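Q: One line per chain: the protein sequences are G and W, in this order.
The numbers in the working numbering rise by one with no breaks, and the one at position 4 of the first sequence is 150.
The numbers in the working numbering rise by one with no breaks, and the one at position 22 of the second sequence is 94.
These are computed hints drawn from the structure, not numbers from a lab.
These figures come from a predicted structure and were not determined experimentally.
Note that the Cβ used here is the ideal one computed from N, Cα and C, for glycine as well.
Please note: incorrect hints may appear among the correct ones.
Stated by the list, open to error - Not everything, but these chain G residues come out facing chain W in the computed CB check (under 7 Å):
id	residue
1	Glu188
2	Gly189
3	Pro190
4	Phe192
5	Phe235
6	Asp243
7	Lys245
8	Phe248
9	Gly249
10	Gly251
11	Arg253
As the list claims (entries may be wrong) - Each computed SDA-like pair below joins lysine to any residue, with the alpha-carbon atoms no more than 25 Å apart:
id	chain 1	residue 1	chain 2	residue 2
12	G	Lys151	W	Ser159
13	G	Lys245	W	Glu124
14	W	Lys129	G	Asp243
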Amino acid sequence: DQQVKQNSPSLSVQEGRISILNCDYTNSMFDYFLWYKKYPAEGPTFLISISSIKDKNEDGRFTVFLNKSAKHLSLHIVPSQPGDSAVYFCAASMNRDDKIIFGKGTRLHILP
Amino acid sequence: DTGVSQDPRHKITKRGQNVTFRCDPISEHNRLYWYRQTLGQGPEFLTYFQNEAQLEKSRLLSDRFSAERPKGSFSTLEIQRTEQGDSAMYLCASSSILDLATEAFFGQGTRLTVV
Numbered sequence: 147d148q149q150v151k152q153n154s155p156s157l158s159v160q161e162g163r164i165s166i167l168n169c170d171y172t173n174s175m176f177d178y179f180l181w182y183k184k185y186p187a188e189g190p191t192f193l194i195s196i197s198s199i200k201d202k203n204e205d206g207r208f209t210v211f212l213n214k215s216a217k218h219l220s221l222h223i224v225p226s227q228p229g230d231s232a233v234y235f236c237a238a239s240m241n242r243d244d245k246i247i248f249g250k251g252t253r254l255h256i257l258p
Numbered sequence: 073d074t075g076v077s078q079d080p081r082h083k084i085t086k087r088g089q090n091v092t093f094r095c096d097p098i099s100e101h102n103r104l105y106w107y108r109q110t111l112g113q114g115p116e117f118l119t120y121f122q123n124e125a126q127l128e129k130s131r132l133l134s135d136r137f138s139a140e141r142p143k144g145s146f147s148t149l150e151i152q153r154t155e156q157g158d159s160a161m162y163l164c165a166s167s168s169i170l171d172l173a174t175e176a177f178f179g180q181g182t183r184l185t186v187v
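One chain only, chain W, in its complex shape:
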C-alpha cells in the first residue's frame, strides 16, 4: 500500500462550476478525514467518516460542500457552485481505531484554484 492517495493533485475551475475530489485511504484504515488548508493557516477540519458513516461535519462548512464514503473505502468531496474563497488545498487523511490504532496519515492534497 502506497499510503493515502488523492486525485486530482491540481484543479482549476471557473467560479460557479462544481468540482469533485477523490480520496483513497490506506486500505485497512476505517477512519477518513477531510481538511482544508489555506496559505498561512493550519489544516481546518471539514468532516470525517468511520467506515461509511459520516460522524461529524464542521459547523463552518457551507451547504455547498458534501462528502460521501459509500462503501467505507474511498471518499469523494464535492463542492457545488464554487466561489473564489474555496481556493485552497484539500487534504484527506486516514487512520485506524481498531486494535492497532494509528495516527492520521495525510495524502498530498488536491490544490483547488477557482478563477
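One chain only, chain G, in its complex shape:
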C-alpha cells in the first residue's frame, strides 16, 4: 500500500532549464509534505517542506506546489544545476510531529 507515489523513476533535464518532480499521495490525513534529496552513499538531506494550509513554498531555486484537491505536489528547481543530480524523495506525514512516509524516489539527471 504505497501512500506516497512517485511515478517517474527517473528524469533528465538540461542544465539551466526547469526540473519538475511530481508526487501523488492517497492518504487524505496527510497535512505536512517534504522533499528530501539523496546522493549515493549518503543519508537523505532535507530540502523543503510545505504545510497543507499553503499551496506554495519557495526557498531559493526550489519551490514546492501543493494541490490538495488532487492530492498532488510537485517540486520545481529553477535553474537546474549539475549538483542537483541526485535521487529526490517526496514524503508526507499526518502532522509535523508524526512519522514520515516516503515515496520510492525519482532519480534526476542534469545534462550538460
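Got chain G; can you put chain W on it based on the hints?
A: Chain W alone, transformed into the frame defined by chain G:
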C-alpha cells in the same frame, strides 16, 4: 555537533547471527527514527522514539527487530537471527519537536549484508 552519527557504516554477517546498530542523534533532538531502505525503494519506516519512549513500531516489522533508546539519547537497533531479506541500508534520523521544531535529519546509514 556533527549531525546524526551511525555505527558501523557497513556490516556483513552470516545468516542466523544477531547484529546491533547504534545511532547518535543531534544532541538537542528529542525525536529519533529508524528507517530501512532497499534498492529502488524509498526509506521504509521502522520505529520512532520521543525521548526514551518508543511511540510506534511498524506493523510490518518482524519480532526479530527491536530498538531501544534507554536514556533518551543514543539508540540501538538489534536484528536477531538475521535473514538474507534483512540486507538493506538502515537509516537513523532525529528531529526536535520543541519550540524550535526541525525537520528530520538523517545519518549516513548502516549497510547490512547478510550472507
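Q: Against the 25 Å threshold, does the CA-CA distance of Lys151 (chain G) and Ser159 (chain W) hold or violate the hint?
A: holds, 24 Å
Q: Are Lys245 (chain G) and chain W close enough, Cβ to Cβ, to be under 7 Å, as the hint says?
A: Check passed: Cβ of Lys245 (chain G) comes within 5 Å of chain W, closer than 7 Å.
Q: Against chain W, is Glu188 (chain G) within 7 Å by beta-carbon distance?
A: holds, 6 Å
Q: Would you check whether Phe248 (chain G) satisfies its interface hint, that is, whether its CB is within less than 7 Å of any CB in chain W?
A: holds, 3 Å
Q: Once the shortest beta carbon distance from Phe235 (chain G) to chain W is found, is it less than 7 Å?
A: holds, 5 Å
Q: Checking hints one by one. Is Phe192 (chain G) an interface residue toward chain W, by the C-beta closer than 7 Å rule?
A: holds, 4 Å
Q: Holds or violated: the hint that Gly249 (chain G) contacts chain W, with Cβ atoms closer than 7 Å.
A: Since the shortest Cβ distance to chain W is 5 Å, the answer is holds.
Q: Return the status of the interface hint for Gly189 (chain G): holds when the least beta-carbon distance to chain W is below 7 Å, violated otherwise.
A: holds, 3 Å
Q: Taking 7 Å as the limit, does the beta-carbon of Gly251 (chain G) come near enough to a beta-carbon in chain W?
A: holds, 5 Å
Q: Quick check on the hint: Asp243 (chain G) CB to chain W CB, less than 7 Å?
A: holds, 5 Å
Q: Hinted pair, alpha-carbon criterion (25 Å max): Lys245 (chain G), Glu124 (chain W). Please report holds or violated.
A: Since the Cα atoms of Lys245 (chain G) and Glu124 (chain W) sit roughly 16 Å apart, the hinted pair holds (cutoff 25 Å).
Q: Hint check: is the beta carbon of Arg253 (chain G) less than 7 Å from a beta carbon of chain W?
A: Violated: closest Cβ of chain W sits about 10 Å from Arg253 (chain G), beyond 7 Å.
This entry does not satisfy hint 11, going by the numbered hints stated previously; all others are met.
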